[in-house]
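Trainee: As a plain string of letters, each chain reads:
4 protein chains.
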Amino acid sequence: MYDYMIKVAINGYGTIGKRVADAVAAQKDMKVIGVSKTRPNMEGFVAQQRGYPLYIADISKKASFEKVGLKVAGSVEDMCQAADVIVDATPGDIGATNKPLYEKLKKKAIWQGGEEHEVAGFSFNSSCNYKDAIGRQFVRVVSCNTTGLCRIINEVDKEFGVTHVHAIMVRRGADPGVIKKGPIDATVLDPVTVPSHHGPDVLTVLPHVSITTMAMIVPTTMMHMHAIQITTKKPVTKEGVIALINRHPRLGLIKKSAGIKSTAEIKEFAMDLGRQRSDLFENCIFEDSIYANKNELCFFQAIHQEADVVVENIDAIRAMTGIEKDGATSVQMTNKALGLVTIQNNH
Amino acid sequence: MYDYMIKVAINGYGTIGKRVADAVAAQKDMKVIGVSKTRPNMEGFVAQQRGYPLYIADISKKASFEKVGLKVAGSVEDMCQAADVIVDATPGDIGATNKPLYEKLKKKAIWQGGEEHEVAGFSFNSSCNYKDAIGRQFVRVVSCNTTGLCRIINEVDKEFGVTHVHAIMVRRGADPGVIKKGPIDATVLDPVTVPSHHGPDVLTVLPHVSITTMAMIVPTTMMHMHAIQITTKKPVTKEGVIALINRHPRLGLIKKSAGIKSTAEIKEFAMDLGRQRSDLFENCIFEDSIYANKNELCFFQAIHQEADVVVENIDAIRAMTGIEKDGATSVQMTNKALGLVTIQNNH
Amino acid sequence: MYDYMIKVAINGYGTIGKRVADAVAAQKDMKVIGVSKTRPNMEGFVAQQRGYPLYIADISKKASFEKVGLKVAGSVEDMCQAADVIVDATPGDIGATNKPLYEKLKKKAIWQGGEEHEVAGFSFNSSCNYKDAIGRQFVRVVSCNTTGLCRIINEVDKEFGVTHVHAIMVRRGADPGVIKKGPIDATVLDPVTVPSHHGPDVLTVLPHVSITTMAMIVPTTMMHMHAIQITTKKPVTKEGVIALINRHPRLGLIKKSAGIKSTAEIKEFAMDLGRQRSDLFENCIFEDSIYANKNELCFFQAIHQEADVVVENIDAIRAMTGIEKDGATSVQMTNKALGLVTIQNNH
Amino acid sequence: MYDYMIKVAINGYGTIGKRVADAVAAQKDMKVIGVSKTRPNMEGFVAQQRGYPLYIADISKKASFEKVGLKVAGSVEDMCQAADVIVDATPGDIGATNKPLYEKLKKKAIWQGGEEHEVAGFSFNSSCNYKDAIGRQFVRVVSCNTTGLCRIINEVDKEFGVTHVHAIMVRRGADPGVIKKGPIDATVLDPVTVPSHHGPDVLTVLPHVSITTMAMIVPTTMMHMHAIQITTKKPVTKEGVIALINRHPRLGLIKKSAGIKSTAEIKEFAMDLGRQRSDLFENCIFEDSIYANKNELCFFQAIHQEADVVVENIDAIRAMTGIEKDGATSVQMTNKALGLVTIQNNH
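Residue numbers (this note's numbering), protein chains in the order written: chain A, 1 to 347; chain B, 1001 to 1347; chain C, 2001 to 2347; chain D, 3001 to 3347.
Since the hints were made in silico from the structure, they are not lab data. From the three backbone atoms N, C-alpha and C, an ideal C-beta is built for every residue, glycine too. There may be inaccurate statements among the hints.
[Said to hold, decoys possible] Partial list, computed: chain C residues near chain B (C-beta under 7 Å): (1) Ile2168; (2) Thr2193; (3) His2197; (4) Thr2220; (5) Ser2289; (6) Phe2300.
[Said to hold, decoys possible] Computed list of lysine-lysine pairs in DSSO-like fashion (alpha-carbon distance at most 30 Å, straight line): (7) A/Lys180 with B/Lys1007; (8) A/Lys180 with C/Lys2325; (9) C/Lys2181 with D/Lys3180; (10) C/Lys2181 with B/Lys1256; (11) B/Lys1181 with C/Lys2131; (12) A/Lys233 with D/Lys3233; (13) B/Lys1131 with B/Lys1099; (14) C/Lys2181 with B/Lys1181; (15) C/Lys2131 with C/Lys2233; (16) D/Lys3181 with C/Lys2180; (17) A/Lys104 with A/Lys325; (18) A/Lys233 with A/Lys181; (19) A/Lys180 with D/Lys3256; (20) C/Lys2294 with C/Lys2336; (21) A/Lys61 with A/Lys7; (22) B/Lys1180 with C/Lys2256; (23) A/Lys256 with A/Lys158; (24) D/Lys3071 with D/Lys3061; (25) C/Lys2233 with B/Lys1294; (26) C/Lys2028 with C/Lys2067; (27) A/Lys61 with A/Lys180; (28) D/Lys3336 with D/Lys3256.
Go ahead and model the full structure; you've got the sequences and the hints to work with.
Mentor: Structure, rendered in structure tokens:
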């Protein structure tokens, strides 16, 4: 066991926050000292069931929480004061407004990819730039799609050299538990303009890469799907690509033998394997889609929008606090604590 | 521990079969001696990971299973021969064709609600007619919708007396892992005619009830939703209805304080509570929807099509083998083994 | 031809407004003198193509319209000033805020069902209370669902007597051209509480009816589906119900011979029949679903949320201006001008 | 008027067949002499309403058609015997089985893209190879996606030269009137392997093009969406691309000023413009998505799966019969008869 457990506060206990909380709780070198909610609802009961102290943004609403049986430990500021690191998982654009609080309290803080790079001045991916995050006060974990792109592009670049990337993101319209957002029956260009923000966002982590991205939204809740074409410097082979996927702790391979050809079937498989919340922390690359022809590499990868950044947050905590200086070791610790055996090793 | 573990075979390891297998494995008085598959795919790997011996319908396909790394224990007939009870979870209309095999082998067998009442000659619901199943060779567990209807109608009948039931089933179009079935953008009457088969099917369990049912299919994978109106003999009260729900081990109450108003949010809550596969074995009745006005009772209940019959299968095994003569005790054993605390006790 | 053409302004040129405009333009006794938009987009181009003068709410935005080639005729107040009747088809809750303008200008105005009954003090359905609307300054045309309920309930009441109605509305989540609203994969109770607002809303037109309604939203854009049970005073027959449907100019019968069992197929049929915008102005009652057993009548009806109120607005204009005193005559005129042959007469 | 009207039979009166029939009927140099159905349903009533003689595949089913009021003119063989050209719009893979009949009767026939190239030995696109179709007995009109790809790739190639195309097809799961096909909530790789069949299919029309295609299916009924990247020989400019689109009679431009960013909004616009069945016969290229950077061109185009091949069938009829030798003239005739003003000229 560790002499010191890093005290982590989760500001915003929603889709990402609740997963980060459970992932922190599973690690041996850190613990959850509190989570925050703005309104009393089912997630408050979940936090309580898990034993996470519940803090609220507006302490004047304390009575409305207590009325339904939710115990309030204090204000968000109280929670942040008690933490070593704050994971800000509030909705996009809200996170930046919390920065003055973290600065005032002189606390380390992590933002999610819904915020601009500038909020932290450093964008993180544990496979690409762990070392550069060591000791930083502020870090931004890039979005789920950018995380998925960085992981695979960086590996292909190391192995074959990347001349240009053309990536299309076919995004889920809303998370499974979200009922107000659509579309119901449409393919929506989001944005219409090219490139989408994903290309420039990859550059915040991998500044030397040439990439054009296009993005749309479709009526599914399951996962994002990426259709990727990479022009490589050296000729590329299917075997070489499979080998680099198998070597990487956060790249998963959907083997042909599983007979899976959709996001829904991946999620069903994850559920059947007993993954908590059916979460897929790794890129899900379809073995059968890998097409290597001279210097052209194409493949499909599915990205679980609710999960892949969760493990990155854990590694960011370790890098920022300096409790672990080696990225590969942190990734291994994170994965092991979550029982993460990449999906190809289950079939 | 029990002196004797009932040997259960699961013929058909799909949506229902895989859940029944896990539920059997969790009980102290029974064990899984095998599961069957017709084709090698991801579910085969799941069975293997769980340690369930894999049998196949067509033994000539053995090589195709072994080629992808799936060990084959023998034929379906081998599996059935070794079992005390066979749970037939093959797709609708296939199950009946397996009856001659079970008869030849003189084995007890359970069919699912996709089969006609006549295949077993007895339709089962553990809350309604457990006693009548004791010692039977053949039992049919009624479908998910009929199970959900029987549970609540029987309780309301015992408490207030039921004059007539008008129930509308708004059904999910396909299970979450199924990608070929629709509709994508339509409300489909299934059937167009009134009553739907659900009304007569309730009568196989509760023959004295007067009920008219109407059913449709909508583009969701989550759960079925029932809109129910019951005309009662005695005046009905909201408090009385909540009380009977709280007393029943398979009736769940979605409390108003959870802020849940959709099937998607129920599933998210179940996932967050750590339920395996996010399964809801209980009826999910919305507290805030309960409308009691003189002799009219209305409410909404959501039914998890993949799960509510699973626990009924376990109880049916106990009744048929006679290992437990009391229905309430069996229900309690089943629930406890699965860690089932009805949903209202989590919030 | 008529000596005088009623001058109609459409305030709000969206889903309903654009249909009302075209329906007005098709009548011999009224004309469109203007339509209004708040922002320049594709609907502005459609208005221009149809030759409807375009007025804008905020005249300071004139340049932004003209920049993209949309000619602006003036402000909304200018438009209202020039009109005999204003059809307010602005989004729900906005309409009421326009009342002071209509009062100031002493103009007749019609609101849609998204507004409260109180805004007009009179709720209209041409089959039920045309006479009571004659000469009124303010009228509210009830919502698409309430319109569909009133039409059929009133007829059944006249023929068989209605003791009680139990109606379930399975509503489309968003109109086909709307891309932001969901749900994507959920059945949402809207509201959770029983009765939904539809029951009380029916009473604004048919105050003597006893009715309990329940409503939910599902992921489709096509049409609403009603599952209705009516307890009648006299015994009811299927033939009698079909006869009253066939007699009524706004009740359509989806005959069994069409092989239609979904909303999507109805819309496809309407499209193939050449209906403008595939609109269904009539209730679409499924012949094969009509179930008559003693004093219980059940059936399904599909309601096209974008269309059924359009014809009611036209009739309301005639009633309010007094240009036609007989409701049946107005309905006939409206239908004829739109080429409306009820759907059963096409197959 | 023309001295001779080409006699066209439509074998298969479904999604494509009914549109081809109406398009034929709108031309001055051809007429519909019959359409065929296998079962009596709503489409039979539509054919009858339009005045198309109805033929049936299995003449022994005549009574089942007549029972519901559908007059049967004869057998499919009778119909084909009477025709100059047969448009085979039967479901994929059925069409090929009709070839012996057409050969026996020595009739000209057109198949759709669901059939293999080999069935006709010639694959057609009116913008690319009209001349090569003149006088042929058998022609295959390529699928909707291939048609959309060929139109734009050929133009870009003529103007800038094409080095390589990378095209991702995000396909609708089912047509709007189809209720059995999914998926409901999934993104499905179809196929998982790269390239999809679309790339090779483009080569049947444009054999010299280098292209890699990837395809998936999503839960929408509206349109296909293509995300396309073309590497050009000469540097490409946005203005140049817009100019070539504006010059081409079957390339439509969704102007930025329309504020449209989805397939649903395009369909709504087409409906509002009064297009029959809301059909989009032209590629719908999003102006705001056109990205030109040196030799890289990217853009999104939406393809209406039910419509874009319809006009190609008309042109194919003219080429095969030789009634018109010039492709551009035929295209102009076809478009004019359908009142097709490309979408950019409506806004």
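Trainee: Please work out if lysine 1131 of chain B and lysine 1099 of chain B have their alpha carbons no farther apart than 30 Å.
Mentor: 23 Å, holds
Trainee: Against chain B, with CB atoms and a cut of 7 Å, does the hint on phenylalanine 2300 of chain C hold up?
Mentor: Since chain B brings a Cβ to about 6 Å from phenylalanine 2300 of chain C, closer than 7 Å, the hint holds.
Trainee: For the pair supplied as a hint, lysine 2181 of chain C and lysine 3180 of chain D, confirm whether the alpha-carbon distance does not exceed 30 Å.
Mentor: 24 Å, holds
Trainee: Under 7 Å is the threshold here; is the Cβ of threonine 2220 of chain C close enough to any Cβ of chain B for the hint to stand?
Mentor: This hint holds: threonine 2220 of chain C lies near chain B, its Cβ roughly 5 Å from the closest one there, short of 7 Å.
Trainee: Does the alpha-carbon distance linking lysine 3071 of chain D and lysine 3061 of chain D stay inside the 30 Å limit?
Mentor: 12 Å, holds
Trainee: Is it true that the CA of lysine 1180 of chain B sits at most 30 Å from the CA of lysine 2256 of chain C?
Mentor: Distance ~27 Å between lysine 1180 of chain B and lysine 2256 of chain C Cα, so the pair holds.
Trainee: For a C-alpha distance cap of 30 Å, please report whether lysine 256 of chain A and lysine 158 of chain A respect it.
Mentor: 26 Å, holds
Trainee: Between the alpha carbons of lysine 2028 of chain C and lysine 2067 of chain C, is the straight-line distance 30 Å or under?
Mentor: 35 Å, violated
Trainee: Taken at face value, is the distance from the CA of lysine 3256 of chain D to the CA of lysine 3336 of chain D at most 30 Å?
Mentor: Given that 30 Å is the threshold and the Cα spacing comes to 26 Å, the pair holds.
Trainee: Given the hint that lysine 2131 of chain C pairs with lysine 2233 of chain C, test it: the Cα-Cα distance must not exceed 30 Å.
Mentor: Given pair lysine 2131 of chain C, lysine 2233 of chain C holds - Cα atoms ~27 Å apart, limit 30 Å.
Trainee: Quickly compare the C-alpha distance for lysine 2181 of chain C and lysine 1256 of chain B to 30 Å and report which way the hint goes.
Mentor: 24 Å, holds
Trainee: Hey, does the serine 2289 of chain C contact hint survive, CB to chain B under 7 Å?
Mentor: With a minimum Cβ separation of about 5 Å from chain B (threshold 7 Å), the hint on serine 2289 of chain C holds.
Hint compliance for this structure: hints 3, 7, 8, 11, 18, 20 and 26 are not met, and every other hint is.
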